[in-house]
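Assemble chain W onto chain B, guided by the hints.
There are 2 protein chains.
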Amino acid sequence: MIETEEEAELKELREQIAKTTIELMRLVGERNSLASKAGKLKSRAALPIDNEQVEDSLVSAVMAECSRVGVSRSAGLKILNTLLSESKRVQGGAAGKGVESPMGAFAKAKEMERLGKKLIRLDVGEPDFKPPRAVVEACCDALLSSKTRYTMPRGIPELTSALQGYLKRKSGYDANEDEVIVTTGGRFAIYSAIAAVVGEGESAIVIDPNWPAYKDTLRQIGAKPTIIRTTLEDSWAPSVEKIAEAVRPNTTAIVLSYPNNPSGKIIGSDTFNAIVDVANDHNLTVISDEAYVDYAYKDCPSVLHSKAKQFILAGTFSKSWSMTGFRVGYAVSSKHVVDKMLDMTSLMLTSVPEFIQYGAIKALESEAVVETNSRTMKERIEAVSKELDGLDTLEYIKPDGAMYIFPRAKQQGFSASAFATKLLEEKSVNVTPGTAFGEYQNSFRVSLGQPKEVLLEGVRRIGALLG
Amino acid sequence: MIETEEEAELKELREQIAKTTIELMRLVGERNSLASKAGKLKSRAALPIDNEQVEDSLVSAVMAECSRVGVSRSAGLKILNTLLSESKRVQGGAAGKGVESPMGAFAKAKEMERLGKKLIRLDVGEPDFKPPRAVVEACCDALLSSKTRYTMPRGIPELTSALQGYLKRKSGYDANEDEVIVTTGGRFAIYSAIAAVVGEGESAIVIDPNWPAYKDTLRQIGAKPTIIRTTLEDSWAPSVEKIAEAVRPNTTAIVLSYPNNPSGKIIGSDTFNAIVDVANDHNLTVISDEAYVDYAYKDCPSVLHSKAKQFILAGTFSKSWSMTGFRVGYAVSSKHVVDKMLDMTSLMLTSVPEFIQYGAIKALESEAVVETNSRTMKERIEAVSKELDGLDTLEYIKPDGAMYIFPRAKQQGFSASAFATKLLEEKSVNVTPGTAFGEYQNSFRVSLGQPKEVLLEGVRRIGALLG
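Chains as they are written, first to last, in my numbering: chain B, 3 to 469; chain W, 3 to 469.
Just chain B, same shape as in the assembly (with noise of 0.2 Å):
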């Protein structure tokens, strides 16, 4: 076969890039040697594998480096953040969670439950109450009518057009059919919202103590949560200085959740603000879930009352009308967002069941049904305060709002997990320890799903192990 000159010159060139391609993964093996002879050494001094400010500067250095020689920023990222792991590896580190599951002791719960153990469930996030009526009779309808097919992933457009009144009845605002979409359930909405902002070996802020999911999508999608730590001394306020601080070369979002789960905390609006002017002037994408809306007891902001210039707002159906069961939530951000955010519905799930999202809008319609779900909830905050204000082994904050309550034992070196254990094994009282919420282990989070009586005797079987 005769080569033409364009075909010698380009078999010329794939042979350069194959030698530069092996080049690179020699490259990689010599500073995975390196990596190792670091990591004996920080075993032998004692000192952590990760640090924090050497990851920053590197993270730094290869988006210069990227910018200077045509490397697209996200191909950099994606190798830095491989290089990293490959670290790790060779150190010894487990890429692992690091966070109990609140999910692993549920699992067991229910398994006990099934053996026959009557169990007081302090650790389940999800309310007692039950759904509207006239949501379950319009699920019902729906069923018999044959409301059984596929539906367009953003959802049934009777749906979106209910929730864009919806959020103009109750927050004043104005979402264009195309910038809301129905999600299956919360955990979706946070799934795909997190996944369409944040890319493989970026970051993204988020406020402990906080509900696992999102440093769990985070890890999983090869992105990096960092984490601002609040404390009970600070009644679980973050500190502006600090998230502004925080935000590194790769960041591009931040999680805002409140009513917090597990604290119960409302930032005020200025705070809320502040973190929002933060965002606006590093460009990142603000994630506000908004679960417990419903369930504050003092104003709580929302990012759709915000300056924010990116934001996305994740809801849920879950909490306010009592529909854990049904999965459905929804979302609000910008078209472009939203269309990612569809576009993974489509791969992954089609569509919310069609029946469900006819229940969704009566739900919308059922605003007697959450105001009574947050009064009693009121009542229950105010009750198992003032119990465990009987309880002088614990400290705790009031909650603002939300559905749980976060109290720390007073004890040196208490460790919640062993005490879940033991509070399950011998008084059948479940709580979800707080290293399931970060780095808590003195603290545990009661969960107020249950009827205040209940609610109360959990308490008082706490406060007898505690002695």
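It cannot be assumed that every hint is accurate.
In this list, chains with the same sequence are indistinguishable; a pair is considered to hold if it fits within one copy or across any two.
What the hints assert, rightly or not - With a straight-line cut-off of 27 Å between C-alpha atoms, the simulated BS3-like cross-links for lysine-lysine are:
1) K149 x K132
2) K13 x K39
3) K149 x K120
4) K132 x K112
5) K309 x K244
6) K90 x K42
7) K244 x K300
Please keep in mind that the hints were generated in silico from the structure rather than gathered at the bench. Here the structure is a predicted model, which is why all the values come from computation and not from measurement.
Chain W alone, transformed into the frame defined by chain B:
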């Protein structure tokens, strides 16, 4: 500050690591320059950007080098994947899908119907049958008795146990409880199955024509579909030799889907078993999508009866029981794989709605409904085939199963996409162009999810437009 010897040494190592990292990025830039030159050359010489052979040899070389220098296989493949994407970017190639999604046309048709247009919908992959009455009633009963809570990600034990019984009864297959998972539709079964066994930079074999979800999922997770093309001339039968040759060094799975959507093909158990042998020889996981198992009009091999060493069966309630809008499916695999799928479910979705799971149990008991649906579909295949036989503008293979016919226009240079648009505009009939299922510009899919008379009228209009 006085540095210890270890600290000084660590500092030195970190500087070397940083230098190596930057050197790596510089090399990526150099590789991009070479790729850009190659791109210009290819463009001048009118050569395609992609070259499978070149990529394959890179994959092999990278894997060998990684093994030599102590870099993990997955890290090497991930980095190579990013390098290849960068090459395509600088060469102006799109990383996009390249296939037309049936969902786009679906949304368009739904919108037209909403605006009052009467259409003959031969595009949608869902049966028009009502779901079994027992299923609807079970869902309503469960709703009314407040089965409206979170369940374990695997599904309620009553349903997983019913699935075990069903698998035993129907396929003689004994699945352990931890080998079964209830999924949010067949889509999430497929998505999580593929994501569980195919990593970024890896590859899976897909036989075309096919439902686009397998290829879309692979691309979404940064993996590559290796496509085996089948043709009408070969009655849509794949060549086992071609499959064996197509196994690349980074291939980890093969997707089988019989009865096939869109061709209706069912391969013989000899071919099925030969493919399974290839998979076993190369340690591939066989992902078998058996969504249309009950619309099979000749013996249809199941992976449950095969000798596959590693497999995932994806099943769904959508087709057999006409429950598309319930979004419930299931999967069977080893505990190890199912655990990975559970992690994804837990993170993204929590569970399938509780009351729907109670409905699904009743579906498994509704065997008579399945038989009726299957018989009706068979009649439609016969009737539509007879009608098509009268059109000498089309050729087709009579389907062995599923609920589609995939005819091909005899006309040279026929564009199914243009035809589908014209058919919708002039005749109010929707079909899905063959390009949605692979490189089949001359073919289109006729879905049989409509009453016989509607189907026949639709085919008549197709015939009229073809002339």
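Here is how each hint holds up against the structure:
1. K149 x K132: both (23 Å within a copy, 10 Å between copies)
2. K13 x K39: Between copies, since 12 Å is at most 27 Å while 39 Å is not.
3. K149 x K120: Classified as between; 18 Å across copies, 38 Å inside a copy.
4. K132 x K112: within (19 Å within a copy, 34 Å between copies)
5. K309 x K244: within (21 Å within a copy, 58 Å between copies)
6. K90 x K42: within (12 Å within a copy, 40 Å between copies)
7. K244 x K300: within (25 Å within a copy, 67 Å between copies)
The structure shown violates none of the earlier numbered hints.
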